[in-house]
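Colleague: The residues making up each chain are set out below.
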Amino acid sequence: MAPLENLLPLELIDKCVGSQIWVIMDTGKEFIGKLLGFDDYVNMVLEDVTEVDPIEGNGQLPKILLNGNKICMMVPGGDGKTVMDGEEDESENEDAAMVG
Amino acid sequence: MAKEEEVRPNGTPDDDQVESDAKDPSGFLSEIIGAPVTVKLNSGIIYKGDLQSVDGYMNIALERCREISDGRLVRNWGDAFVRGNNVTYICADSA
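Chains as they are written, first to last, in my numbering: chain A, 34 to 133; chain H, 867 to 961.
Quick caveat, the hints were computed from the structure, so don't treat them as lab data. Please note that the accuracy of each hint is not assured.
The calculated DSS-like cross-link candidates involving lysine-lysine, where the alpha carbons are at most 27 Å apart (straight line), are [as the list claims (entries may be wrong)]:
id	chain 1	residue 1	chain 2	residue 2
1	H	K889	A	K67
2	A	K67	A	K103
3	A	K103	H	K914
4	A	K103	H	K889
5	A	K48	H	K914
6	A	K103	A	K48
7	A	K48	H	K889
8	A	K67	A	K114
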């Protein structure tokens, strides 16, 4: 991938059309799927979606229109598995500290 | 010099526009009108039914609307209106 040029946020999303993305909602819910399109409100059309919910568990959805209202973050190419090493370590340390 | 009849916004080739339209939200919606859909609300409630119509607020009119919880039918609502602000997603069941 080319180094990040000066790109408007919506242009970045536009570049992701046709590829896999990872969408994180305000609510903590996540969606991973292929981005087919979006509009000015960042409502998104996604295909072959995995819905990840920390409480309800995962689900598969063939094709959805996702309301942009509660979208918090979008990660291009994200597979929903990538977690920063530091974050995990930190939480572990916190747990350890609590126990200690 | 003759005045141009049609002023086209810069850089929008017609064919591309049509193709991308089919895949953006409004194109997707017009594609699935009349089809069976699953609507999930922010509260986690799931409604299944036939998509009768949608508007720009994502207000939804559903026919044969059933409320589903844990994959089980909870209630039959018949024709229902769902206010758009509550909607998380609309899923095309047939796609």
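Colleague: Indicate, hint by hint, whether the structure satisfies it.
Modeller: Hints versus structure:
{"no.": "1", "hint": "H:K889 - A:K67", "in the structure": "12 Å, holds"}
{"no.": "2", "hint": "A:K67 - A:K103", "in the structure": "19 Å, holds"}
{"no.": "3", "hint": "A:K103 - H:K914", "in the structure": "21 Å, holds"}
{"no.": "4", "hint": "A:K103 - H:K889", "in the structure": "21 Å, holds"}
{"no.": "5", "hint": "A:K48 - H:K914", "in the structure": "33 Å, violated"}
{"no.": "6", "hint": "A:K103 - A:K48", "in the structure": "21 Å, holds"}
{"no.": "7", "hint": "A:K48 - H:K889", "in the structure": "15 Å, holds"}
{"no.": "8", "hint": "A:K67 - A:K114", "in the structure": "16 Å, holds"}
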